[in-house]
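S.K.: Produce the complete structure using the sequences and hints provided.
With the first letter of the sequence shown counted as 1, position 366 gets the number 366 in our numbering; the numbers rise by one all the way through.
Hints are supplied without guarantee of correctness; some may be wrong.
[Stated by the list, open to error] If you anchor each label on the Cβ, the simulated ranges turn out as follows: (1) ARG99 with SER133: 31 to 41 angstroms; (2) VAL56 with ASN88: 17 to 27 angstroms; (3) VAL78 with ARG99: 32 to 42 angstroms; (4) ILE49 with LYS231: 44 to 54 angstroms; (5) GLY80 with HIS160: 46 to 56 angstroms; (6) SER159 with PHE103: 12 to 22 angstroms; (7) VAL78 with GLU143: 54 to 64 angstroms; (8) GLU136 with ARG99: 33 to 43 angstroms.
[As the list claims (entries may be wrong)] In silico lysine-lysine, DSBU-like type, Cα no more than 35 angstroms apart, as pairs: (9) LYS218 with LYS156; (10) LYS82 with LYS47; (11) LYS146 with LYS156; (12) LYS156 with LYS47; (13) LYS82 with LYS272; (14) LYS20 with LYS64; (15) LYS218 with LYS87; (16) LYS47 with LYS20.
Since the hints were derived computationally from the structure, they do not count as laboratory data. Every value quoted in this text rests on a predicted model; they were computed, and no experiment measured them. Even for Gly, the Cβ is constructed at its ideal location relative to N, Cα and C.
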Amino acid sequence: MGRLALLRYSEDQNLTFLRKSICDTIIEYELSQSLNSNFPLTINNDKYIELANSVVELFKREKKELYHEPAYSSQRTVNGKKIIERKNATGLFHNSNERLRDFLRKSNVVNVVNVLRQDNTSIQEEPLELDLSVLEKTTDVLEIGKQKEIEAVWIKSKSHRFTTTFMNQSGLGIINTYGILRTQLAPKLICLDFRDHFSAQYVFNTDEILLSNRLSHKWPILAEQIIAVAKSNCAKLQDKRTSIADPAVIPDYNDLHSVLKANEILQDKGHKNSLAFLLLISLLRRPFKRPKNCTWTLTLGDASKFYIQHIRDHEHFDDGITEHRAKFTDSYFKDLPFAVFCGPLSSLQCCHVVIDDIRYHFNNCIDAKDFLFKFCIVLKIDYPVITTHLWAFFQTHVFEIIKERTVKVKNKQKDKFQIVVGLGGQQEATEVQEEEEVIEDQEEEVLIEAHITPRQKQATNKTQVAGTSQAETTTQAHG
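M.R.: Put into structure tokens, the structure is as follows:
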């Protein structure tokens, strides 16, 4: 191929066309070779480097950067804040890869290519020698040996599942196909797919913490900071209510005062973890519009139930779930999973993740929220519109996923500010920067984006008016 390219160049000397032809030929071959791999239609960075070196070795005057320039991140400081800018990999190989891969997917040529390759004696396709029937059965009680067998089949069948069922279905459709996802083995299987799905190119920080254990590692630190922010907010606001909420009654989690007064005595580690999850509802404010197909007006309290439900007594679990499903399924969304905390926050009896009629049981709140996030990612369930900002917080600041499933929260209001939380619980209000900000070190500071509540806005306006009056008085005095 190289000699043919040199011959054609000696005739017309059209370098642009020759470079494109060479890249298209090479990339087309590599994509066809990847169809039977665990990541079909994917070429990794090492392969790009190898291909670029081969071209430069044959054509001495060509530059490797023209064909492949790896992705990199640059850092700059704006107003004392560190901003990370990521540049994706570029080059002629990437242009050909994007063009050919999109063509194969849109025209559904992948299956046709597999059929043609079976007739080619020089390339023998390795048959799928797996019994997928073990994944289609629903069995709650399994021996350890049987569980290991199912996990092995699940891992080996990843390429097959993601090019068939997972490509055409989502949510309950996938669960109905693979009945094993209705059992308590589902958290382990979902975690395996989540870990394999996100490689280093999708995650900002992969050095210290494994992606699969990131929430359990980072949340205790974040919980301390979130509670400190909530207390600081309450201290700055004038609250005329002096009565302490009855500990036997579920507080209003959209009201910081109600939550903190009901939980001011209990300070153990498990209590802080669960309390911080619920405090996010009132810290991360986002107004939303009522959907067109909604038959009643949603309140912020109703919207928060898509994030977490807190039931004081497990005896009322069935009634609470039935009421929730009847209200939201008939009038709003369908097949959306949510978490349920049962019992007092100081000693949660259990935690559940619920989707349709399926209930997954967990011993603590961190495991439940960790599974719920991965469940939505792997089964391609979109974040609920009214709680997108909450899930965006976990995606960006906890799991640090920066490429796939990126959520852009659109808001036309201008009264936005950021709470900068240090380990000491200090905070300050600043204007939102247009650049995307990424947290480098969670122990230095965590950025929580929120909306100014009416009371905070009124207090801010009073401060600005007082400052303006004082400035005018000073000017007149100097005059």
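S.K.: Does each hint fit the structure? Answer for all of them.
M.R.: Going through the hints against the structure:
no., hint, in the structure
1, ARG99 with SER133: 31 to 41 angstroms, "holds (40 angstroms)"
2, VAL56 with ASN88: 17 to 27 angstroms, "holds (22 angstroms)"
3, VAL78 with ARG99: 32 to 42 angstroms, "holds (36 angstroms)"
4, ILE49 with LYS231: 44 to 54 angstroms, "holds (51 angstroms)"
5, GLY80 with HIS160: 46 to 56 angstroms, "holds (51 angstroms)"
6, SER159 with PHE103: 12 to 22 angstroms, "holds (21 angstroms)"
7, VAL78 with GLU143: 54 to 64 angstroms, "holds (58 angstroms)"
8, GLU136 with ARG99: 33 to 43 angstroms, "holds (38 angstroms)"
9, LYS218 with LYS156, "holds (31 angstroms)"
10, LYS82 with LYS47, "holds (33 angstroms)"
11, LYS146 with LYS156, "holds (16 angstroms)"
12, LYS156 with LYS47, "holds (23 angstroms)"
13, LYS82 with LYS272, "holds (29 angstroms)"
14, LYS20 with LYS64, "holds (15 angstroms)"
15, LYS218 with LYS87, "holds (27 angstroms)"
16, LYS47 with LYS20, "holds (18 angstroms)"
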